[in-house]
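S.K.: So the chains spell out like this:
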Amino acid sequence: MSVEDLVVEARGLVKRFGAFEAVHGIDVEVRRGESFGFLGPNGAGKTSTMRMISAVSTPSQGTLRILGLDPATHGPTIRARLGVVPQEDTLELELSVRVNLEIYGRYFDLPWSEVKERTRELLEFVQLSERANSKVDDLSGGMKRRLTIARALINRPELLILDEPTTGLDPQARHLLWDRLYRLKREGVTLIITTHYMDEAEQLCDRLVVMDQGSIVAQGAPSELIEQHSTREVVELRFAQDEHEPLRASLEGFASRVEVLPDRILLYVNDGDEVVGQLGRAGVNPASTLVRRSSLEDVFLRLTGRTLVE
Amino acid sequence: MSDVTAHPSAGWARWQRSWWYHAVLYARTWRGSVISTAVFPLLFLAAMGVGVGHLVSQHAGRVQGLSYLDFIAPGLLATTAMQIGEGESTWSVLGAVKWQRTYHAAISTPLEPEDVLLGKLSWVGTRALATGVIYTVIIGLFGALHSWWALSLPLVATLIALAFAAPLVAWTCTLENEGALITFYRFAIVPMFLFSATFYPVSAYPGYLRPLVQLAPLYHGVALARAGADGHGSLGALSAHVAVLGVMAVAGLLWGRHTLRRRLVN
Ligand SMILES: Nc1ncnc2c1ncn2[C@@H]1O[C@H](COP(=O)(O)OP(=O)(O)OP(=O)(O)O)[C@@H](O)[C@H]1O
Ligand SMILES: [Mg+2]
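Chains F and Z, in that order, are what the protein sequence lines are. One point on numbering: in our numbering, the residue at position 89 of the first sequence is 89, and numbering is uninterrupted. Position in the second sequence (first residue = 1) + 310 = our numbering.
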């Protein structure tokens, strides 16, 4: 792989806020044309990382190249080729949907006729044409989100950076956005996404990293991560009794890992149906059983823990 | 998907694009303000200049050799310029760096924090200049201009506005909440408006208070505007007034580069 194929190349990237270190020296490589995900619990350092990759926030330490350039010296050139959807919408609430896009187009110094044309196209793209003249303040949260996404596309970026793009969107809008992101990807746009929705990450990301407390704890394609950190299938058992912990010992022999949750017990296994048969023969009688494939969510929870650590 | 994109074609400097944003924001959100910019001085000069002026002429005759109208009309121009500088640089800036974060949005584009700062201040300057022209014409209609130096009044207004705006933008960028802005307005702007020898001469104060008045930046703005309207003034005194305001504007600009970058980029 040649260097030009790396859209983002970070080595030992650190971000400190005063004495607090939010990102602890991570290495990331994003290739041209792929869609790359950052997963991690709240406070993991995803946004801090995204802001550095957007050539907005300065790394406290480490080296960073974006589109082959150093953001410390080529910030404006890099940003001219990026699209950024920040975690919080940073729209001008007092102005209309259309004017918000026009101002942004102006920031990129696009000719006026081009700004008009792209504004029209993008409003169509995110299905906001009918609200073009509404004040942004009057839009619903999901509509604002869609406008922020449209705004990030006004300069036809090569690299699109989306920090939780679908938070607050209804299922229709989410699927609309996924569809739009596929289309952009087909056109060759590189995508970097953070999300808290594991199904979204599985759908959208070719490769991803899981961050926890400022460090990368796992990386790979979603299927690789499932292979590495979980079993092929999961058996979910529910029992009539409230106390699950005493059952653990009797189940441990059936699975490579047993996880006891308040409402159910998970058995990590390779062949779920076979294990269910074995359980029946051994006289274990759950109130209900469910066999499903392992998902990225299992991996995520395994790696970052089930309890909220704030 | 990237053809024209990366490379700008219309050829505006980056700070000019931010100027345009501020101009659009003003034009679209303050439609009423454009009209009141012209109506307010008309009312003010009619009430204070003609009305109170009548009273003054009956009791004291002239103020520093000027009719009362001639005396306060330049003061009105100077205080208005201060209000533009202050009004554009406090709440709206805190909103843009803290609440709505529109300045964060701007620096996700090719713009740098310095471009946003220059865009803001050049817009303040533009607004003050335009207001200065309108006020100068109106003051002229009231017959309170007595020299071709009056042509400099719009520039005086611009200088005053920038002398306030530049340091205030810089300072606002360091704030976490609006409390300090409220305090600043009550304890700095309002007293300055009242006590900067705008409505009566500095000789109205006892001698030991005069130096205090002369510390107020607005005092220098008012003095400069009065000299412009009237055409009299010593070169030394006028240079000092210009220097005070100019230093505030330049120092504010340099300080703002630092604070805005810190606020946006950290
Ligand atoms: N400007 C800042 N000043 C001080 N601390 C900060 C700042 N920005 C982020 N942090 C801290 O850095 C840590 C990482 O924050 P970050 O926003 O990167 O997390 P995140 O992974 O995006 O979380 P979330 O999923 O909640 O969006 C948090 O502990 C946060 O409090
Ligand atoms: Mg975040």
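Simulated from the structure, these hints should not be mistaken for laboratory data. Quick caveat, the model's predicted, so the values are computed rather than measured. Treat the hints with caution; some may be incorrect.
Unchecked claim - Once the Cα atoms are required to be at most 20 Å apart in a straight line, the calculated EDC-like pairs of lysine to aspartate or glutamate come out as:
no.: 1; chain 1: Z; residue 1: 408; chain 2: F; residue 2: 94
no.: 2; chain 1: F; residue 1: 185; chain 2: F; residue 2: 212
no.: 3; chain 1: F; residue 1: 185; chain 2: F; residue 2: 5
no.: 4; chain 1: Z; residue 1: 408; chain 2: F; residue 2: 88
no.: 5; chain 1: F; residue 1: 144; chain 2: F; residue 2: 179
no.: 6; chain 1: F; residue 1: 135; chain 2: F; residue 2: 124
no.: 7; chain 1: Z; residue 1: 408; chain 2: F; residue 2: 137
no.: 8; chain 1: F; residue 1: 144; chain 2: F; residue 2: 94
no.: 9; chain 1: F; residue 1: 144; chain 2: F; residue 2: 224
As the list claims (entries may be wrong) - Non-contacting residues of chain F with respect to chain Z, defined by C-beta distances greater than 10 Å in every case (computed):
no.: 10; residue: 54
no.: 11; residue: 75
no.: 12; residue: 76
no.: 13; residue: 80
no.: 14; residue: 86
no.: 15; residue: 91
no.: 16; residue: 127
Unchecked claim - Quick look at which bits of chain Z chain F covers, simulated, 3 or more residues with Cβ under 8 Å:
no.: 17; stretch: 370-381
no.: 18; stretch: 546-557
Backbone N, C-alpha and C define an ideal beta-carbon position, used for all residues, glycine too.
S.K.: The structure should be examined with respect to each hint, and the outcome stated for every one.
M.R.: Tested hints:
no., hint, verdict
1, Z/408 x F/94, "holds (16 Å)"
2, F/185 x F/212, "violated (27 Å)"
3, F/185 x F/5, "holds (15 Å)"
4, Z/408 x F/88, "holds (12 Å)"
5, F/144 x F/179, "holds (18 Å)"
6, F/135 x F/124, "holds (17 Å)"
7, Z/408 x F/137, "holds (17 Å)"
8, F/144 x F/94, "holds (13 Å)"
9, F/144 x F/224, "violated (35 Å)"
10, 54, "violated (6 Å)"
11, 75, "violated (7 Å)"
12, 76, "violated (4 Å)"
13, 80, "violated (5 Å)"
14, 86, "violated (7 Å)"
15, 91, "violated (7 Å)"
16, 127, "holds (20 Å)"
17, 370-381, "violated (count 0)"
18, 546-557, "violated (count 0)"
In the structure shown, a violation is registered for the earlier hints numbered 2, 9, 10, 11, 12, 13, 14, 15, 17 and 18, in ascending order.
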